[in-house]
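Here's the letter readout for the chains.
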Amino acid sequence: MHLDATDLSESELRLQQEVRSFLAERLPPGSYDVGLGMTGASDPEFSRDLGARGWLGMSLPPEYGGGGRSAVERLVVVEELLAVGAPVAYHWIGDRQSGPNIAANGTEEQKRALLPRIASGELSFSIGMSEPDSGSDLASLRTRAERVAGGWRVNGTKIWTTGAARATHILALFRTSDDRHHGLTQFIVERDLEGLTVSPIPFIDGTREFCELAFEDVFIPDEMVLGEVGAGWGQNMAELALERGGVDRWMSLMAVLDHWVCGGWGPLGAAATADTGEITARCWAFRGVSLAIARMVDAGKSPSIEAALAKEMATRFEQDCVEIVTRHYGRTPDLTSDDPYESLLARAILVSPSWSIRGGTVEILRNIVSKGLARA
Amino acid sequence: MTSQNVDPSFAPLMAQFFREQSPPERVSAAEQQDLDESLWAQVTDMGLPLIGVDEKLGGSGGSLAELLIVLEAAGRACAPVPLAETAAASWALARTGTRASGDLLTVVPGDPRDTLTVTDGVATGVVHDVPWARVATCALTVVTTDQGPMLVAIPLESASVGAGYDLARQPRDKVTIEAVPVAVSPWPGAPDELTARLMLLRGALMAGALEEVADLTRQYVGERVQFGRPVGRFQAVQEHVVRLEQQAPLALLAVARAAAATEVHPSALEVKMMKLTTNEGARLAVRAAHQAHGAIGMTQEYRLQLLTRRLNSWLGEVGTSADLAADIGTVATERGIARLITSSAGTMEQA
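Residue numbers (this note's numbering), protein chains in the order written: chain A, 1 to 376; chain B, 1001 to 1351.
For the record, the hints were derived by calculation from the structure and aren't laboratory data.
Virtual Cβ for every residue (Gly too), placed ideally from N, Cα, C.
Do not take every clue at face value.
As the list claims (entries may be wrong) - What the simulated footprint calls covered on chain A by chain B, stretch by stretch (three residues with Cβ under 8 Å from a Cβ of chain B suffice, anywhere in the stretch; the number is not a length):
#: 1; segment: 1 to 8
#: 2; segment: 132 to 139
#: 3; segment: 254 to 260
#: 4; segment: 278 to 287
#: 5; segment: 360 to 373
Unchecked claim - Pair ranges (Cβ atoms, derived):
#: 6; chain 1: B; residue 1: Glu1031; chain 2: A; residue 2: Arg316; range: 28 to 38 Å
#: 7; chain 1: A; residue 1: Ser140; chain 2: B; residue 2: Pro1230; range: 20 to 30 Å
#: 8; chain 1: B; residue 1: Val1264; chain 2: A; residue 2: His2; range: 36 to 46 Å
#: 9; chain 1: B; residue 1: Glu1055; chain 2: A; residue 2: Gly266; range: 48 to 58 Å
#: 10; chain 1: A; residue 1: Ala52; chain 2: B; residue 2: Pro1230; range: 49 to 59 Å
#: 11; chain 1: A; residue 1: Asp33; chain 2: B; residue 2: Val1264; range: 37 to 47 Å
#: 12; chain 1: A; residue 1: Ile201; chain 2: B; residue 2: Gln1300; range: 52 to 62 Å
#: 13; chain 1: A; residue 1: Pro29; chain 2: B; residue 2: Arg1169; range: 31 to 41 Å
#: 14; chain 1: A; residue 1: Ala374; chain 2: B; residue 2: Glu1055; range: 40 to 50 Å
#: 15; chain 1: A; residue 1: Ala374; chain 2: B; residue 2: Ile1296; range: 58 to 68 Å
#: 16; chain 1: A; residue 1: Asp178; chain 2: B; residue 2: Leu1013; range: 53 to 63 Å
#: 17; chain 1: A; residue 1: Ser302; chain 2: B; residue 2: Glu1223; range: 52 to 62 Å
#: 18; chain 1: A; residue 1: Glu18; chain 2: B; residue 2: Ile1296; range: 33 to 43 Å
#: 19; chain 1: A; residue 1: Ala374; chain 2: B; residue 2: Gln1300; range: 25 to 35 Å
Stated by the list, open to error - Below, a sample of chain B positions facing chain A; criterion: calculated Cβ distance under 8 Å:
#: 20; residue: Gln1238
#: 21; residue: Val1241
#: 22; residue: Gln1246
#: 23; residue: Pro1249
#: 24; residue: Leu1253
Only chain B is shown next, with the shape it has when bound in the complex (with noise of 0.2 Å):
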């Protein structure tokens, strides 16, 4: 992902330990529990959520480029755990100065059907598909008030959970609060910046997940043999396998340099646009796997389901295409294309 400053053998290191900890096996098992706790428990010993938090503030130091090769990882090996959401919220937390506490965390995604209102402290109202909120401590998110924006933690063992899932069978819970006092603390930034940080998360997630499924396809095709040839031989199979070469790097693309543009303006227009490239990516990529892989990808025996249902959660939540395609089409709209894409990093808003 992002070169810079990063040991290279953190990457390598990050890829073998989620290979092994997370097998097929692992990540199937795991969608008949809420959590996989010893594998959460590997995960949370080692400091990974807690990247990119000062140590200062009990995080475990380190870049935000650090945080995104983890979370390729992650992605790649369709790591069962909330480490995305605990890593952002950890991050907010530390943004207002509080101590990590290195508990399970999460992030409200936000959702047209939210009624979350929070008043002098109390808060009432419903959130809905938040991921893990089951087995989170708190769930965050920033409400705009009279005083201006403010983090709001929402104590989950005070909230109704209403379990829900995602495609890939991963809790995406609906939670109920009902006259419940919660911590607020001044938000040190625009509203977004949070959501925009969970993005671009996602999208490192995304991006491993998208280079597995160009890796596993390759490695069938040039295995599978029909009409006495590796399948791989047959020009039309090519053109999926051209599709899938194309996405991973575009995704790791984006989301190295969205990450870039967030250390100028947290909650750039590129975490935006890389979300919706990454989706529409995500897209075709999915469509592309099982059309090369047959019957076989179908099969809930093989891994790439394993894959392909979890780009297709994570291209529906936190930044829907409809929703960012509106967004930044309001923006290219006032600036013009030309002008938006030229810009450097984190400066689209003033081109």
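Looking at chain A on its own, in the form it has when it is part of the complex (with noise of 0.2 Å):
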């Protein structure tokens, strides 16, 4: 791995301004669900007033309603929406990865007909991979799609699949040959169509954004193949390297560190100042990551070993905040307090699990990195 050093330029730096002027008087404390990263609070209006900016679909092309801006545009939009917490759930999947697959491997029609629904905040996305018996293992999955007059008939079950119930759409995953890797394709599935019952799954902190999907004898049109048939593994993997380095890998507690560092729970002592020192440090190594992989994808790289390495410290370093902040914050946090700031830590401790296993768990990265360092 090796990582450029770069800064913002005076037009990024410009664009950042905007950002915090909007979010100021969009978003003043006390008028929202403050969250914890992407996996904020869903608002479609307040997605929708993203869009308007073109502050969704960034990097999508303009012939299709996206701004042509690049990588690290979009990195100083999302570093300010999760810096306070903001309600990012609703556009997240569309914007950070659906679209730019879409506009990568899509027919016209699916450009023309998806794209500009994205970068306005219309769509909401969601993405169809693990199942009951494939988690980590990804390309052992057997929903299957198969061929009928006109398009594909879909059989099997999808889990753990986040904001499912809220999505417009689901990009999934379906085996369509028995070739372990080359037998799996995408689909663009809408959600409602017939015979897809999207059932929630209760998540440990009470919140019902995780679904499970059960297809049965569900009817997919030729057109909402994504892509090649039986290139779905090359497309997943590409779409994952390009999510794994992007700044919501190390961001999700930040509206609640700064609430915590800035006094917001009273004057912090000798000691949690001293922490706060650490994670600050911290917090700006991996900002310059961040910042170098979007510079490597603006400039045609595929920087996919260097996301998947940073990816793999910055959500462990994520789960270290929780235990720092909480161990300062002196009680065990009620999820059902007044106060937004000790709900959402009390969510943290309960949910930060989760970070280092969503998109790819720390040990599955490992060995892509392993894989990577071998081949080079």
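Two chains, two separate frames, one set of hints: put the complex together.
Structure below.
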């Protein structure tokens, strides 16, 4: 892994100021449900407001309603949103990965139909990958799409699909032949298709974002195949590689951290101040990594090993932060507290184990890195 | 490191020079003497400690980026010479308009036990843990006086130097002076800018050592066979390799970013952030590398210890984690973390 030092340009700094001014006005403190990074609240109206400012689908081509802007510009917007725990869940997956995936692999019709609505904040995407018997070993998945006249008939179960209950679309990976890696195909699935049942799986903190998707003879027309039949594994891996190096992998707790650091729970003593210093320095380091990776993406590179290395340490760091803040909080926080930050810290204690699981467990990431090094 | 405006052949050239001239046997041998004079002569003949000092002032010219490349290469090879110290001291003298002498110089790192006072150009007191003091001509420090910060050059021939050692058995001495006339020049910056410079250069040495530790470990776990396969195939060992693959580039990136920040503000908070994260990276890397190597890594005949003893020394001096964390934390509690880390290089204090 080699990362080049980079900084924001004048125009990128101007964008940062614009986003800050917008957020100060649009999300004054107390006016919204502060969230934990990418799993913040779902607020379609807020998502549409961001879309109207050109801050969703920023890297999508302008001819499909995108901003034609860079990965770094998207990072500038996203880090401001995550810093205040903005309600980003509705558009998050579509903006971060489904949009770019469709732009890279979609047909002309798919791009025209979907990308403008992702960029406007109208659509909400979910990712249908894991199955009851296929988690980290994704290539073993069994939900099958069989060829029928004009399309495909899908049977099987997807599980642990975040946000599927509110999603308008699910980008799913199905088995289309028995070949382990070359028998997988990505499909764009409309959430309200007949035969598709979405059932929430109550999450550890009582929320109902996690879902199970039951497909019973669901018909999906040919037009909804994304990319080549049998090319789903590669497309899926490329999509995962892109989502791993971002600021969302170390900013989940940022709103709580800044509330604590800035004295929201009272002034910090010497020990807490020192811990704050360590956390700040590590955030600075991770921010440099995410920025360097975004510049590599903009230069046309595919920094998948870098992103895996970054996510492996960044998600563990986020978990360290939860432990440190909790220790200084001095008592077990109450999930039902009127203090939104106390409630959020309680939620973080409960959900933070998922941070090093979602999007590739740390163990799988270490495998990816080791294989990458062996090839290098 | 920072690749801007540096001839791409420079880094490989420096890497080759130090690999050839500072092999493990020579590094080990240097522990039995105060200084490997001939290696130091080679380094100074090439003008390496005076990179980043204006040619008009007798320096070698060149940029900070080039100096950092030299130090990274020196750190990789554990070069047993006071390159960072002489470079930082020469830079400090040049800032006051003093011509470079080409002497071996050092910097007072600053220690709570220090008692140095300077009155009317006469210095008295004790300074601790001064690297290479016994072989240096002068030790430089910035002292705050009624007339503002002053750069003070302590002539070591007039000092009593008590020998001490860092964990890599490099000189780290106690310097005592009693009513010694010293050269004093007005310092055109904040008092902490000299320490920041040394901290940055030490960071580059650490980054180089971290790269070498990662390379050495990756190679070892690919060759060492146990249970019928290379130990690097075991997932538990891969965790150590991953840890090392992360820390070296993190350190290099941090050094390059901190260097960019010093071009804007010579004692930018980024330098402290770089040192704190690199200290932590070194701590993790030392553990991971030794664990992956097993018993052989604990022996003097294998060269891992040359690297890990240096890292263990460097992470505990010229910016200790406890001091750095307290300083950075104090700024963070005033500005907030997100605001600080999203500001552009060298502007954190205005965030």
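So, going through the hints one by one against the coordinates:
| no. | hint | verdict |
| --- | --- | --- |
| 1 | 1 to 8 | holds (count 7) |
| 2 | 132 to 139 | violated (count 0) |
| 3 | 254 to 260 | holds (count 3) |
| 4 | 278 to 287 | holds (count 9) |
| 5 | 360 to 373 | holds (count 7) |
| 6 | B:Glu1031 - A:Arg316: 28 to 38 Å | holds, 37 Å |
| 7 | A:Ser140 - B:Pro1230: 20 to 30 Å | holds, 27 Å |
| 8 | B:Val1264 - A:His2: 36 to 46 Å | violated, 24 Å |
| 9 | B:Glu1055 - A:Gly266: 48 to 58 Å | holds, 56 Å |
| 10 | A:Ala52 - B:Pro1230: 49 to 59 Å | holds, 56 Å |
| 11 | A:Asp33 - B:Val1264: 37 to 47 Å | holds, 38 Å |
| 12 | A:Ile201 - B:Gln1300: 52 to 62 Å | holds, 57 Å |
| 13 | A:Pro29 - B:Arg1169: 31 to 41 Å | violated, 56 Å |
| 14 | A:Ala374 - B:Glu1055: 40 to 50 Å | holds, 47 Å |
| 15 | A:Ala374 - B:Ile1296: 58 to 68 Å | violated, 22 Å |
| 16 | A:Asp178 - B:Leu1013: 53 to 63 Å | holds, 55 Å |
| 17 | A:Ser302 - B:Glu1223: 52 to 62 Å | violated, 30 Å |
| 18 | A:Glu18 - B:Ile1296: 33 to 43 Å | violated, 57 Å |
| 19 | A:Ala374 - B:Gln1300: 25 to 35 Å | holds, 31 Å |
| 20 | Gln1238 | holds, 4 Å |
| 21 | Val1241 | holds, 7 Å |
| 22 | Gln1246 | holds, 5 Å |
| 23 | Pro1249 | holds, 5 Å |
| 24 | Leu1253 | holds, 5 Å |
Violation of the numbered hints given earlier is confined to hints 2, 8, 13, 15, 17 and 18; the remaining hints are satisfied by the structure.
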